[in-house]
Amino acid sequence: MKRKIAIPLFGTRISPHFTYADMALLVDIENGEVAQSREIALGQADELQRIQYLKSLEINTLICGGISNIAERMLAEQAIDVISWVTGEARDALELFICKRLTSGAWLCPKRHRCRSGQSRNKKPVTFS
Amino acid sequence: MVAIKKIPRKNPQLETILDSIADGVFTINLDREITSFNRSAERITGVKCEQALGQKCFDVFHANICQGRCAMEKTLKTGKSIIDLPVSILNIRGKTVPISVSTAVLKNDKGETVGGVETFRDLSDIEDMRRELGRQYCFDDIISKNHEIVKLFGVLPDIAQSASTVLIQGASGTGKELFARAIHNCSARAKGPYVAINCGALPAALLESELFGYCRGAFTDAKADKPGRFARARGGTLFLDEIGDLPLSMQVKLLRVLQEGEYEPLGATKPLKSDARIIAATNRDLATLMAEGKFREDLYYRINVIKLCLPSLAERREDIPLLVEHFINRFNVRTGKRIAGVSGEVLRLLMRYEFPGNIRELENIIEHAFVLCRATLITIEHLPADMQDKSASHADVPSSEDASCFKKAEARVILDTLKKYGNHRGNTARELGIDKATLWRKMKRLGIKNL
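Taken in sequence, the protein lines are chains A and B.
Each residue of the first sequence is one higher than the one before, starting from 1 at the first, in our numbering.
Each residue of the second sequence is one higher than the one before, starting from 1 at the first, in our numbering.
Chain B with its partners taken away, still in its complex shape:
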């Protein structure tokens, strides 16, 4: 199935130079077939040079401009170079990679155009930082292979597009706000504001003025009108975190907003219309609170229109390696370090740790390790002291239950990927980021035979 056209190596010296630079470089002929592809281009796209050579550039590059706005095509038509055009491509793992491209024509000795050259720079680090600062998260930022989360992916588009109130339930640190932001950013209200408030962090009186705002003269020192979070979230989304901690007196007022679609700022004589989509989150069981009389039944049914339940990290252990990799990338960007990963011993310890603080705790552990790690690999001594103690107490004795859980998760990921690629081991290994021999050894160890 793989068609490889071998292009003879014409100029090894030039290839060495091209391979030594950090930007991706490829050249094409007039049929838009790739004639050279340097090492950085391989790294950024994930496509091997041998596979790329002879292929149409758009089949390798998968850029958002390939269909209709191709920079190279424009350059070949006009003869004019394009410099640093910001675009995005999909790498072979299906991840969107922001890059900037520059194009120029290639001419032969007679001055005739024989093709084009495109250089491109990976802007992922800069883009990650920008997104983190602007908190512009989307569904793509939710990292998981867990079947419960993957199931949620199936309904998230519909949820995002609807105007219904959403209740996100999950323990602390399971990513409730990330889901809320992703829903907002993928909804019709994405251009509107996203406003968050922690209902458990403020006393009732302050919470009321924060949520609904106040008018001048409403109380001493109220010298000017102050819009509340509902007003600030107009045309956007209001995220009510820890709604289970909302005092009963405030629950009535919130209920009125949800029922009537209007609210009254403190000291106002007329109600204001609310135009904010509500996403609420809690780490408490609202049904239990309701039974205990601490949460209003009518409010519960008003906010419980669409309910998302997020599993704890202990329930999605198969995601731990992915999350570790994600946090390492993030902290590499933040700190300027180049840490490649964690040792096998650290990973084993993380795989059997309970994570009462969920993903946030894992993030803190990696951040701690980053401070202490001066090498390129995080090892046990870089972990927080209490984790090291756990390592010592569990030394060399991974429980059979842990080992079995890890094996099952590993086997499931391999089987899913094999199925996806029609049993093609090369593609499966590439997707999993391991080489074919490692895949073969893992399959043998886990007793996986061809599908």
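Isolated chain A, as found in the complex:
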């Protein structure tokens, strides 16, 4: 199953505010593994433009930090799943997402809470191409 994920960035971390992130990490996930990833510029686009841009990129899921209620509702209406108010490293969030353990409001601590399911334990760590 293919999924296209976007994570607004602040350096290597998840951006604290969706509307003010300059960059986003785009990741294609196929069969539970990262098939492709790249960074894209979001520039000075406002909230509405960002939502339209993500829609045009056919994003399925947005993993983000702070986001306004209205933006979250608009994304949901564009059929983009939103996992919001996640803080920490984008890589950690992605890893948890792949093993279906990432939920909204998660405060991620890098050295804990790694994927513990048998299925994903033997998998390679998430790497970005």
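To be clear, the hints were calculated from the coordinates, so they are not data collected in a lab.
These numbers were taken from a predicted model, which means no experiment stands behind them.
Note that beta-carbon positions come from the ideal geometry of N, C-alpha and C, so glycine has one too.
Possibly wrong hints are sitting among the right ones.
[To be verified] Dumping the calculated DSS-like pairs for lysine-lysine here, alpha-carbon to alpha-carbon at most 27 Å:
id : chain 1 : residue 1 : chain 2 : residue 2
1  : B       : Lys-191   : A       : Lys-55
2  : A       : Lys-55    : B       : Lys-95
3  : B       : Lys-110   : B       : Lys-151
4  : B       : Lys-436   : A       : Lys-100
5  : B       : Lys-307   : B       : Lys-48
6  : B       : Lys-408   : B       : Lys-436
7  : A       : Lys-55    : B       : Lys-419
8  : A       : Lys-100   : B       : Lys-56
9  : B       : Lys-294   : B       : Lys-270
10 : B       : Lys-442   : B       : Lys-145
11 : B       : Lys-95    : B       : Lys-436
12 : B       : Lys-419   : A       : Lys-100
13 : A       : Lys-4     : B       : Lys-80
14 : B       : Lys-419   : A       : Lys-2
15 : B       : Lys-151   : A       : Lys-55
16 : A       : Lys-55    : B       : Lys-307
17 : B       : Lys-307   : A       : Lys-100
18 : B       : Lys-270   : B       : Lys-226
19 : B       : Lys-191   : B       : Lys-307
20 : B       : Lys-151   : A       : Lys-4
21 : A       : Lys-55    : B       : Lys-253
[As the list claims (entries may be wrong)] One side of the interface only, derived from the structure: several residues of chain B facing chain A at Cβ under 7 Å:
id : residue
22 : Asp-59
23 : Thr-75
24 : Lys-77
25 : Val-97
26 : Pro-157
Keeping the supplied structure of chain A fixed, place chain B upon it in accordance with the hints.
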């Protein structure tokens, strides 16, 4: 999933002082990790101190300046304090909160910089008043969890960005103008003027001069040119309220503007180009008016490019508690009172009331209660007399239909929030503004099990 770093309480006396002040205060170390977080900071951000301590300040503060224009970073670099910088943050409920921040460096006994302190003041009340005065509403001001309205949120950005004519249909008091203003404020024409006119409030002759303006000498007493609403809305949006009440003679003239993009002020010899986006609204069914010959078919199809239908308040009862809270906040700001909410009995009465006047009527009811209420809780006796009568006639007999409707709405909100937070009850309770025990009791009562 929650990583909490316990910071030892070093100076309880200082903490007590910090907790007693109305401004938010937090301190950070050089790694930008929060080392103290006072009670007002908790209230403004919605983040508990235990959760904030040890976290990066930007992960708690979610300010518009965190990425690239951080005030604290500037202060730590230059050593210079920043005073009252206006910024906005997102609180834990996803609401934008306007604040002003001040920053300063923290030094140890040797004079070495060991971190920074940031104080911030909630400017929501002032900002609310300013927005109300300037009517600078955006989509964020539309308060609803109703699925019909939420569906509209999905298309509003596209509608706002397009140049198409919009028709907003809904009963009186459903918020048609709020939607119109939000569409304008989020459109490419936001910097242009927003001009509104009620087509039902003026006789045809006056409406024509109001809409199109007139030239000097067009009629007796026309001693100077007067621009009409179309001219005033140049580069912006013209909101035509109650378009269903537009006289037939004016409908032809409006049709010409929409078709040709030009109009003639009274007494003018040359037509003027129109450059205003039209948003029309009506509480009447234009299709019926058309069938009765009271509304032109060609005009109907010209304005009915994008149609938004707003549900009545009775159709979105789940929004009543949210709206009550919103109006209480608004009137607290306006009147300087500190009313905390409404009693359970009042809420039950409001939940089963039909609201023929929709949201405007609810607003009036709360305003009425504010005048009479001297305590911190609005109770039945603060409501208008006719509502009190209804309360007496319905005393203790909420219909099974009402109760069921309320339960369903409550269950849906809880289930949606649980789903959003991956079944995390703590986050769900925080989002709903209740404690975990209350959430558990509600789930039990409503028969909600883990997803």
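Hint by hint, here is what the structure shows:
1. Restraint check: the Cα-Cα separation between Lys-191/B and Lys-55/A comes to about 26 Å, which is no more than 27 Å; the hinted pair holds.
2. A threshold of 27 Å between alpha carbons decides the hint, and for Lys-55/A with Lys-95/B the separation of about 23 Å falls inside it, so the pair holds.
3. A distance of roughly 60 Å separates the Cα atoms of Lys-110/B and Lys-151/B; the hinted pair therefore is violated under the 27 Å criterion.
4. The straight-line distance between the Cα atoms of Lys-436/B and Lys-100/A is roughly 24 Å, inside the 27 Å bound, and the hint therefore holds.
5. Among the hinted pairs, Lys-307/B with Lys-48/B is inconsistent with the structure: their alpha-carbon atoms are about 44 Å apart, more than 27 Å.
6. Distance hint between Lys-408/B and Lys-436/B is fulfilled; the C-alpha atoms sit about 20 Å from each other, no more than 27 Å.
7. For the suggested pair Lys-55/A and Lys-419/B, the alpha carbons sit about 22 Å apart, so the restraint of at most 27 Å is met.
8. At roughly 25 Å between alpha-carbon atoms, Lys-100/A and Lys-56/B fall within 27 Å of each other, so this suggested pair holds.
9. This hinted pair does not check out: Lys-294/B and Lys-270/B have alpha carbons roughly 30 Å apart, beyond 27 Å.
10. Taking the CA atoms of Lys-442/B and Lys-145/B, the gap is about 19 Å. The hint holds against a cut of 27 Å.
11. Of the pairs offered as hints, the one joining Lys-95/B and Lys-436/B holds, with about 22 Å between alpha carbons and a cut-off of 27 Å not exceeded.
12. For the suggested pair Lys-419/B and Lys-100/A, the alpha carbons sit about 14 Å apart, so the restraint of at most 27 Å is met.
13. Between Lys-4/A and Lys-80/B the alpha-carbon distance is near 44 Å, which puts this suggested pair outside the 27 Å criterion.
14. At roughly 22 Å between alpha-carbon atoms, Lys-419/B and Lys-2/A fall within 27 Å of each other, so this suggested pair holds.
15. With a C-alpha separation of about 16 Å, the suggested pair Lys-151/B and Lys-55/A falls inside the 27 Å cut-off, and the hint holds.
16. Restraint check for Lys-55/A and Lys-307/B: the C-alpha separation of about 22 Å stays at or below 27 Å, so the hint holds.
17. Between the alpha carbons of Lys-307/B and Lys-100/A the distance comes to roughly 40 Å, so the proposed pair goes past 27 Å and is violated.
18. Taking the CA atoms of Lys-270/B and Lys-226/B, the gap is about 15 Å. The hint holds against a cut of 27 Å.
19. For the given pair, Lys-191/B sits about 24 Å from Lys-307/B by alpha-carbon distance, which is consistent with the 27 Å threshold.
20. With a C-alpha separation of about 23 Å, the suggested pair Lys-151/B and Lys-4/A falls inside the 27 Å cut-off, and the hint holds.
21. The hinted pair formed by Lys-55/A and Lys-253/B fails the criterion: a straight-line CA distance of about 40 Å is larger than 27 Å.
22. For the restraint placing Asp-59/B at the interface with chain A, the shortest Cβ-Cβ distance is roughly 4 Å, inside the 7 Å limit, so the hint holds.
23. Here the hint on Thr-75/B is broken, as its CB sits about 18 Å from the closest CB of chain A, past 7 Å.
24. Taken as an interface hint, Lys-77/B does not check out: its beta carbon lies about 17 Å from the nearest beta carbon of chain A, beyond 7 Å.
25. Taking 7 Å as the C-beta cut-off, the interface hint given for Val-97/B is violated, the closest approach to chain A being about 11 Å.
26. This hint holds: Pro-157/B has a C-beta 4 Å from the nearest C-beta of chain A, less than the 7 Å allowed.
Hint violations for this structure: numbers 3, 5, 9, 13, 17, 21, 23, 24, 25, all remaining hints satisfied.
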